[in-house]
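For the record, the sequence lines run as chains A and B.
The first sequence begins at -11 in this note's numbering and counts up one residue at a time.
The second sequence begins at 44 in this note's numbering and counts up one residue at a time.
No lab work stands behind these hints: they were computed from the structure.
Using N, Cα and C, we set each Cβ at its ideal position, and we do this for glycine too.
Be aware that a few hints might be false.
Sample of chain B residues at the chain A side, in silico, Cβ under 7 Å [stated by the list, open to error]:
{"#": "1", "residue": "E93"}
{"#": "2", "residue": "L96"}
{"#": "3", "residue": "D151"}
Listed next, the in silico DMTMM-like pairs over lysine to aspartate or glutamate satisfying Cα-Cα at most 25 Å (straight line) [as the list claims (entries may be wrong)]:
{"#": "4", "chain 1": "A", "residue 1": "K101", "chain 2": "A", "residue 2": "D122"}
{"#": "5", "chain 1": "B", "residue 1": "K179", "chain 2": "B", "residue 2": "D228"}
{"#": "6", "chain 1": "B", "residue 1": "K119", "chain 2": "A", "residue 2": "D170"}
{"#": "7", "chain 1": "B", "residue 1": "K179", "chain 2": "B", "residue 2": "E245"}
{"#": "8", "chain 1": "A", "residue 1": "K101", "chain 2": "B", "residue 2": "D216"}
{"#": "9", "chain 1": "B", "residue 1": "K119", "chain 2": "B", "residue 2": "E178"}
{"#": "10", "chain 1": "B", "residue 1": "K179", "chain 2": "B", "residue 2": "D122"}
{"#": "11", "chain 1": "B", "residue 1": "K119", "chain 2": "B", "residue 2": "E86"}
{"#": "12", "chain 1": "B", "residue 1": "K119", "chain 2": "A", "residue 2": "D155"}
{"#": "13", "chain 1": "A", "residue 1": "K101", "chain 2": "A", "residue 2": "D170"}
{"#": "14", "chain 1": "A", "residue 1": "K133", "chain 2": "A", "residue 2": "D170"}
{"#": "15", "chain 1": "B", "residue 1": "K119", "chain 2": "A", "residue 2": "E(-9)"}
One-letter residues, chain by chain:
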Amino acid sequence: MTEDDVKTLDPYVQWIVAEARRPVSVDDAARHRLLEALRAEPQPTRRRLDWLVEPRRFVLPPLATAALAAGLVGIGVISGLLINRDGQQADQRPADVADTPRLPGSIASRAVKFVLIAPQAARVAVVGDFNGWDVSASPMTTQGKDGTWTIFLPLHPGLHTYSFVLDGTHFMPDPAAPLAPDDGYGRQSSVVLVGGSSL
Amino acid sequence: MSMTRRVMAVLILSAVAAAAAWAQDISPASGGRELDPLGRLSEGSRYQIELLLDSARVAGLPTAPLESKALEGISKRVDGRRIVAAVRMVFRSLRDARSVLGAAATPDELNAAASALRVGVTRAELAHLTQMRREKSVTIPLVVLSDLITRGVPRDTASQTILQLWQRGAADDDFLGLWRGVERDIVSGTDPGVALLNRAREVPPRAPSSQPEAGSRPEGTENRNS
Chain A
-11 MTEDDVKTLD PYVQWIVAEA RRPVSVDDAA RHRLLEALRA EPQPTRRRLD WLVEPRRFVL
49 PPLATAALAA GLVGIGVISG LLINRDGQQA DQRPADVADT PRLPGSIASR AVKFVLIAPQ
109 AARVAVVGDF NGWDVSASPM TTQGKDGTWT IFLPLHPGLH TYSFVLDGTH FMPDPAAPLA
169 PDDGYGRQSS VVLVGGSSL
Chain B
44 MSMTRRVMAV LILSAVAAAA AWAQDISPAS GGRELDPLGR LSEGSRYQIE LLLDSARVAG
104 LPTAPLESKA LEGISKRVDG RRIVAAVRMV FRSLRDARSV LGAAATPDEL NAAASALRVG
164 VTRAELAHLT QMRREKSVTI PLVVLSDLIT RGVPRDTASQ TILQLWQRGA ADDDFLGLWR
224 GVERDIVSGT DPGVALLNRA REVPPRAPSS QPEAGSRPEG TENRNS
């Protein structure tokens, strides 16, 4: 508040402002006694773990911050690889696969490998009751130029119906698995039995 | 809070959220599923499918095959009326399968039996197979039977051959080996029915765990594969 502002105030308020601004004179002897008394107070002891909770100020450059975030993502990804949603460790043995004619009815593992040889396809996915028939849920990958597309999927034990989807639109059954009946959609599917519950 | 701290907090929260979401997605049967996948159906179609699902629950039937059939139709971009018809057909076949297999049947057995009924296996044939199950699951024999009929093996031939093998104590591996051989022969150009009869002769006889019940053997299966 400037002096001009003060002049516009009520005279009584101006008096209060003036009083508040008036410096307080302190006797030198009194100040000396106060300081001596403060010095005589026992120093607070520094506990061993206080440094853990003391506020600190630190600055991270953006690059270091990004590296830290990447590290956290890595920890999450590795944890996700080792532990699935059920809190169980993923079986390390992929074992039987859906690309073999034998239905994996007696396997203990729930990891099922789907294989399709489709050299002309640009994209291949597997859809079925295990992923809600979502074309974008389980894209298969290919390595090399032989057109062999594969994917490992962890499946619950039981009978599953599935199909391959080429280039997002063309559905085809697995040529290496038994067929499920065509129920009016005009395109057949395949079945795979993942062992455990029913056999 | 300094800008650096704000940025760091946002990055850390993003990293934790991304890792958590990723970890959720790798578990079985979770990939990419929408919260309301049936929402892509019209109101009328959806209503009818919900009715079928409710009916299945009331009847104690598994609803997963019905939901799967609906989602399959949505994925294949089939119109709603055909999806409803397909789901209704699955519901009816599951109900018929339950009436034949009984309440003790597993969901997999029910599903496989329902598929067999849909490809033309009769309730009597299904009943014969069930009577001879003797603590063994009929899932694999029914899956193979449905596949053989779908591939063009005459229904009578397929049913009677599978029944006979089942009666002789054939194991799941025998049925799968049979399926593998027949499929290979059909691809090579052999008539499906002939391929099945030829391959069935290669299945080694096994001692059944116990003698079949009197009258449980279907007629006409005696000398088909010997």
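Against the structure shown, which of the earlier numbered hints fail to hold, in ascending order?
1, 2, 5, 9, 10, 14 and 15
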